[in-house]
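Work out the full structure: start from the sequences and follow the hints.
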Amino acid sequence: MVERSEDRPVVWSCDEWSPLEEVIVGTARGAVRSPFEPAFTPFAPPGSEARQWRGERVAPEDIDRAERQLDGFARLLEREGVTVRRPEPVDQAYQTRTPDFDCALGHAQACPRDVLLVVADEIIEAPMSHRCRYFEYRAYRPLLREYFQRGARWTAAPRPLMADDLYVPGYETVTEAYDFQTHPNLTEVEPVFDAACFVRCGRDIFWQPDIVSNQFGIDWLQRHIGPTFRIHPVQFHDRYPHHIDTTLVPLRPGLVLVNPERPAKDDCLKLFEQNDWRVVEAVPSVRPRKRASAWEVSNWISMNILSLDDRTVVVDEVEQPFIELLRSLGFDVLTTPFDAVFPFGGSFHCCTTDIRRRGKLASYFPSLD
61 MVERSEDRPV
71 VWSCDEWSPL
81 EEVIVGTARG
91 AVRSPFEPAF
101 TPFAPPGSEA
111 RQWRGERVAP
121 EDIDRAERQL
131 DGFARLLERE
141 GVTVRRPEPV
151 DQAYQTRTPD
161 FDCALGHAQA
171 CPRDVLLVVA
181 DEIIEAPMSH
191 RCRYFEYRAY
201 RPLLREYFQR
211 GARWTAAPRP
221 LMADDLYVPG
231 YETVTEAYDF
241 QTHPNLTEVE
251 PVFDAACFVR
261 CGRDIFWQPD
271 IVSNQFGIDW
281 LQRHIGPTFR
291 IHPVQFHDRY
301 PHHIDTTLVP
311 LRPGLVLVNP
321 ERPAKDDCLK
331 LFEQNDWRVV
341 EAVPSVRPRK
351 RASAWEVSNW
361 ISMNILSLDD
371 RTVVVDEVEQ
381 PFIELLRSLG
391 FDVLTTPFDA
401 VFPFGGSFHC
411 CTTDIRRRGK
421 LASYFPSLD
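Here the sequence shown is numbered in this note's numbering, starting from 61 and rising by one per residue.
Since the hints were made in silico from the structure, they are not lab data.
From a predicted model like this one, the values you see are computed outputs, not experimental measurements.
Glycine is no exception: its CB is placed at the ideal position from the N, C-alpha and C atoms.
A hint or two may mislead.
[Claimed, not checked] Pair by pair, the computed Cβ-Cβ distance ranges are:
| no. | residue 1 | residue 2 | range |
| --- | --- | --- | --- |
| 1 | D224 | D336 | 34 to 40 Å |
| 2 | T242 | G132 | 26 to 32 Å |
| 3 | R128 | L389 | 29 to 35 Å |
| 4 | R114 | R213 | 22 to 28 Å |
| 5 | R125 | N359 | 17 to 23 Å |
| 6 | Q282 | D225 | 20 to 26 Å |
| 7 | T233 | P426 | 40 to 46 Å |
| 8 | D162 | R128 | 49 to 55 Å |
Structure (structure tokens):
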């Protein structure tokens, strides 16, 4: 049970494992299947039918099933003493038109982890690179206003124009042996990133270069949060690098999960090893999946867990091999069904944003100090 304290900051989260006190859990209400746009070219070869996709509403029965699972997840967290907040269920069946682009539909508000990055006592609205997600922040504005009025710091990163010059043509035609650093999906004309591109380990924040972020975005974030925090690029062999939370998952100080199907490049895990972190390979989901679109999840969705503290995690109830691995590492595992939520963008980590965790800002990598 989490102990509440009235003198705690309204927003405070520096890592992925300190005791969780308050969290935002997403909603499936209002979701649509997004139309094709330039950000989706990695999943749509030239001439494919996917490039003609104009999007559609999600079937009501699919939304209802996903929402029941999200509600069950929220109740589980509340039973553990966590305060749960939910975003406004904005209808995403609207057209976005700006001087720079036109998009027929929006997306969803199931994954606050993509939209909101919490660094210590500040909430940062991410400048996401998908046109269909341009207005996704609207679902969270009532909560953000409330947190600000109660003392939190609230920043909206520069809203990207998302004109055609942001997107690199030809990404989808490269071979499996491509080098993401020499052939990225995005240019550097403006800063973009999703909040889920990062995992936080106190003063050190790890970023995987991927198809939804660019170096300009990381430069903006580093300058904004200042020298107290250090952002480290960590690159892995992944055909479609997209968010870090099924690739590198810190469980507690000194213990991190990695994806054996996506080996690290250029010894980027040496920092963990040099500081006596144990690096453990995860096991894949029992549900075989192959990511073939921007919104499908891979068979490593099992890694997308939420930590309630450094000994307690929430995992999809069917993931028995992964559950056994976590128990062997000393964790208490709480389970609930979540498969109906996957088509809306992810699992437990994706579908939450930590608002407050009990813990101090610390350095877990002494070699950097």
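How the hints compare with the structure:
no.	hint	verdict
1	D224 with D336: 34 to 40 Å	47 Å, violated
2	T242 with G132: 26 to 32 Å	45 Å, violated
3	R128 with L389: 29 to 35 Å	31 Å, holds
4	R114 with R213: 22 to 28 Å	39 Å, violated
5	R125 with N359: 17 to 23 Å	21 Å, holds
6	Q282 with D225: 20 to 26 Å	24 Å, holds
7	T233 with P426: 40 to 46 Å	45 Å, holds
8	D162 with R128: 49 to 55 Å	35 Å, violated
The structure is inconsistent with the numbered hints 1, 2, 4, 8, although it conforms to all the rest.
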